[in-house]
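From first to last, the protein sequence lines stand for chains A and B. Sequential numbering from 334 applies to the first sequence in my numbering. Sequential numbering from 334 applies to the second sequence in my numbering.
Any copy, or any two copies together, can satisfy a pair, since identical chains are not distinguished.
Subject to a maximum C-alpha distance of 30 Å in a straight line, what follows is the list of computed BS3-like cross-link-like pairs (lysine-lysine):
hint : residue 1 : residue 2
1    : K733      : K597
2    : K407      : K387
3    : K584      : K597
4    : K541      : K639
Derived from the structure by calculation, the hints contain no laboratory data.
There are 2 protein chains.
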Amino acid sequence: MVKPSIPKGTRDFTPVEMMRRNYIFDTIRTVFHRHAYLPIETPAMENLSTLMGKYGEEGDRLLFKILNSGDFTKGVDFQDDTKSVNKLASELCEKGLRYDLTVPFARFIVQHQSELTFPFKRYQMQPVWRADRPQKGRYREFYQCDADIIGSNSLLNEAELVEITDEIFRAFGINIVMKINNRKILSGIAEIFCSADQVTDLCVALDKLDKIGREAVCAEMLERGISQEAVCGMAPLFELEGLSNGEVLDKLEQMLAASETGRKGVEELRTVLDYVSKMQIATELQIDVTLARGLNYYTGAIFEIKAKDVAMGSISGGGRYDNLTGIFGLKGMSGVGISYGAERIYDVLNELNLFPQHIMTPITAMFVNFGGDDELYALAGLKALRDAGVPAEIYPDSVKMGKQMNYANAKGIPYVIMAGENERTQGVYTLKNMQTGEQQALQIDDIIGIWKKNPR
Amino acid sequence: MVKPSIPKGTRDFTPVEMMRRNYIFDTIRTVFHRHAYLPIETPAMENLSTLMGKYGEEGDRLLFKILNSGDFTKGVDFQDDTKSVNKLASELCEKGLRYDLTVPFARFIVQHQSELTFPFKRYQMQPVWRADRPQKGRYREFYQCDADIIGSNSLLNEAELVEITDEIFRAFGINIVMKINNRKILSGIAEIFCSADQVTDLCVALDKLDKIGREAVCAEMLERGISQEAVCGMAPLFELEGLSNGEVLDKLEQMLAASETGRKGVEELRTVLDYVSKMQIATELQIDVTLARGLNYYTGAIFEIKAKDVAMGSISGGGRYDNLTGIFGLKGMSGVGISYGAERIYDVLNELNLFPQHIMTPITAMFVNFGGDDELYALAGLKALRDAGVPAEIYPDSVKMGKQMNYANAKGIPYVIMAGENERTQGVYTLKNMQTGEQQALQIDDIIGIWKKNPR
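Isolated chain A (complex conformation) (with noise of 0.2 Å):
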């Protein structure tokens, strides 16, 4: 008999890890939906032809693939020595897991767009799957939880999901930055210092900046193909940290004075902070004209959190993108979106011990089992406290005290009740405390009420 596991990189959830990942994404659901966003939720298998060539040759590679019903060898020509792998793998598989929420998305826009009401505001939270090397932090199924507003050009909506992950943040008593740059800025950048058809490889180079340094990232942009000349000319922008946005905007509306691209791109970035400044936002929003993230779709905005008083990569980013259903047919759709990391928020909530207690103890009361008419006895206070929405549970057995009571104290249940044939004859339970081991007779109703007073 082999011992039973799970694929490397997955996880099996247990209910302490469960109240606690549902405590994350029913705080993110709550401020979603007070801001109008809808729920959607897409197929786990998309078709490949869907994914492949959306996120680089790197996502190709780290697409799971299923493989075809039936006789998948049908048609298939083994013998051809020729053929690559990713061929073979594209004869014998049509579909595949989805890799994030957005790509999937944009498919659903352009199925769908003559159901949906645009600006069409959605969120998203599902699992997506990516055949990664797995490593601490980094799993093969992980959830993102996805807003984006498509079909509306407005800063507004930028404005909007910085509002939204501020009272995210607050909700969880997680302290963050959220740095916040626009593509355009980068576009001038690339224009005015090196040529404009640069500004990915400035992008890719600027990308690694937290990873490796700025050393580093100039030696990066100058084997890119970057001039020294322009690596000198961008120096400046590395020593904008600590200046207050307003003073970053005024420079950097010089610096890229001669491009027009550049110029929208800052008049963009002062439009949502203006927006922010009215919203009575706690969050640190910091302009940092360094922030790229590879996504290569982003166009307007870019945005990435990080957690201030934990050392760890972003938490969440996300950004406008101008062109992302017109891979599938459907232009002249703007959106702007992020994406929420669970797994990330989970290990910074359990590293700052910020998890609130009362998830931890779904159960208020277990009713101990004496079997017989006890039993019975014991059903009848039971339905009335579910009844009134009080979770509880009999254990299903009449075995010994001890054995029962262990079992509440292993599961933290806090108040366990108790009643044999003194109780029933006069019609009350006993109900302990299992913190303070405190005892009290009491009739259900008061039981009830306790209950209610303080309903965890």
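Given the structure of chain A, go ahead and fit chain B onto it with the hints provided.
Just chain B now, kept in the frame of chain A:
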């Protein structure tokens, strides 16, 4: 450009469908919680060694298999003509998508036994995947909602599952009939009328009673080697309909007197019905000795639920299994569980028009966007509403009023809030009830008050 699509048998869920589906999941979850079941989740992917051989040959065929990552051809001999398609699949794929929640649950129990407190009551609501031929009401990705208690032989657990079923379907407003049988009764029948080792043939044939009728079932029994005499002897078993449960139990007691297993089955059934009779249950609970539910792993109670007012297959089923974790090396863990099919419940609620109206209007109010200072004034009102927990939005662009009102109408938003210069100088907002057309100029707190009185 290919029109985007999704794999056959899978579905997207638009907000309207999501709200209905979430209503189903929330209703079921609330009942599970109240009965102290705790949530777990398992990965979408399991090792194929966990899944293969657990669902019969048909099941193995219907598993979605995931192509190994990286160079999946390495070490695979494609030239061997004698290799079966199944053998080749097993060389190309180590992982598969879960087929149900029961086998992963059994695997979970064995793997995490040291972290869990037994008896363990868990619920699990996750999608499963089957490469079945898609047809009306049958999908390749669908959700199961399972509740199981493992590690307790008490028949109180069976009664509780009846109680939970009663509460769930009363909450939905669906009239159901719940059928109950006991595998030991079927074993007793086999022992007495044919032979103990024919119980599987008996079950497989009986399982088709609903679809093919009594005569065809008898023909199938004969075909499967059950003697003519046995088939005739069993005739009275088909004629118990219309009798009360008590009468059925008495008859069975007589008929199965010579079988210890059969007597045990009758006694178990009697105990369950006894508990249930004390639980104020509205659901009609019917003994049906022909209920077999093909699944070979049931060893005690068998349940099946059908909606009364809709012609549709079963919407839920379950039973007791003594040996489930045995396949993963953990003996002596008896469990009993039930599985509710979200898709079937959706169809019943839809057909009977039972979805509550309020779940369809998740957004309470939309502010019209007049731009400039009016926009900022609207944003202040919006923030006040959201802070009070009212889901609300502002149209993101200051486009023509007509377009904004069309948007609110299309989304079914019940209240539209307008504020121009007049309102702004007076510190009020004009609230328009979209159903009655009525308009009122109100302070933002009064608008919040209206919502708090009727929080929809």
